Amino acid sequence: MQNLNKILAFCLLCTLAGPLYSLPDDRQKPIHIESNQAERDEKGGTTVYEGNVIIKQGTILIRAEKVTVFSTTEGVSKIICKGKPAHYQQLPKMDGSMVLASGNTIEYRPALDQIQLIDNASLEQDGTIITGERIDYDVTSEVLKAKSDNTGRKRIQMLIPPTPQAKSANKETN
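Under our numbering, residues 57 to 230 are what the sequence shown spells out, in order.
Worth flagging that the hints you see were computed from the coordinates, not collected in a lab.
Treat the hints with caution; some may be incorrect.
Simulated restraints on C-beta separations [said to hold, decoys possible]:
1. Leu-156 to Asn-108: 18 to 24 Å
2. Thr-129 to Asp-205: 33 to 39 Å
3. Gly-101 to Ile-216: 39 to 45 Å
4. Asp-194 to Asp-151: 16 to 22 Å
5. Met-150 to Pro-217: 21 to 27 Å
6. Leu-117 to Gln-213: 40 to 46 Å
7. Pro-220 to Glu-198: 16 to 22 Å
8. Asp-151 to Lys-203: 42 to 48 Å
9. Ile-185 to Met-150: 21 to 27 Å
10. Ala-167 to Gln-145: 18 to 24 Å
11. Asp-97 to Leu-215: 40 to 46 Å
12. Ser-133 to Lys-210: 26 to 32 Å
13. Ser-197 to Asn-108: 30 to 36 Å
Keep in mind that this is a model prediction, so the values were computed, not measured.
Every residue, glycine too, gets a C-beta built ideally from N, C-alpha and C.
Could you build all of it, start to finish, from the sequences and the hints given here?
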């Protein structure tokens with residue numbers, strides 16, 4: 057009987073702890089869109105939103121001046137956001153930190169969990185900031201690729217903050 061109580065207690069703990077360690081799948085959440093105006097092309101599968109557009113899906117928040125949503129029979133395939141700049145944020149992991157991104161154009165592919173930041177691109181997470189002409193970011197694998205412009209005049213820049221250990225070591229030596 058005592059072993060049965062231990063097993064039941066363990067199962068109850070596992071059931072309660074599960075939601076604490078897993079982030080809800082943003083792709084499975086509904087997409088909420090607010091704007092000043094919208095136009096839908098049913099045959100073409102596109103909807104254009106204009107004027108202070110706000111998109112929310114789970115932990116994802118997108119702000120832009122103009123957004124075009126491309127749909128297929130399987131749902132939303134791509135979202136293109138335009139702004140000066142447009143902004144994107146998402147919490148990819150419950151125990152992680154917020155990803156903050158911006159670009160004059162943001163292409164978001166919900167099914168692939170990927171974003172492309174184009175023209176004046178910037179991405180920040182955990183104090184690390186990368187800027188460039190284009191940044192491709194895979195949210196699931198946390199892999200990013202950054203590119204400068206074709207002329208090479210606007211190079212990629214990256215800021216990496218010191219680790220907490222390095223900060224405390226610097227204080228001790230000063």
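Hints, verified against the model:
no. : hint                           : in the structure
1   : Leu-156 to Asn-108: 18 to 24 Å : holds (19 Å)
2   : Thr-129 to Asp-205: 33 to 39 Å : holds (38 Å)
3   : Gly-101 to Ile-216: 39 to 45 Å : holds (42 Å)
4   : Asp-194 to Asp-151: 16 to 22 Å : holds (19 Å)
5   : Met-150 to Pro-217: 21 to 27 Å : holds (22 Å)
6   : Leu-117 to Gln-213: 40 to 46 Å : violated (25 Å)
7   : Pro-220 to Glu-198: 16 to 22 Å : holds (20 Å)
8   : Asp-151 to Lys-203: 42 to 48 Å : violated (30 Å)
9   : Ile-185 to Met-150: 21 to 27 Å : holds (23 Å)
10  : Ala-167 to Gln-145: 18 to 24 Å : holds (19 Å)
11  : Asp-97 to Leu-215: 40 to 46 Å  : holds (42 Å)
12  : Ser-133 to Lys-210: 26 to 32 Å : holds (30 Å)
13  : Ser-197 to Asn-108: 30 to 36 Å : holds (32 Å)
The structure is inconsistent with the numbered hints 6, 8, although it conforms to all the rest.
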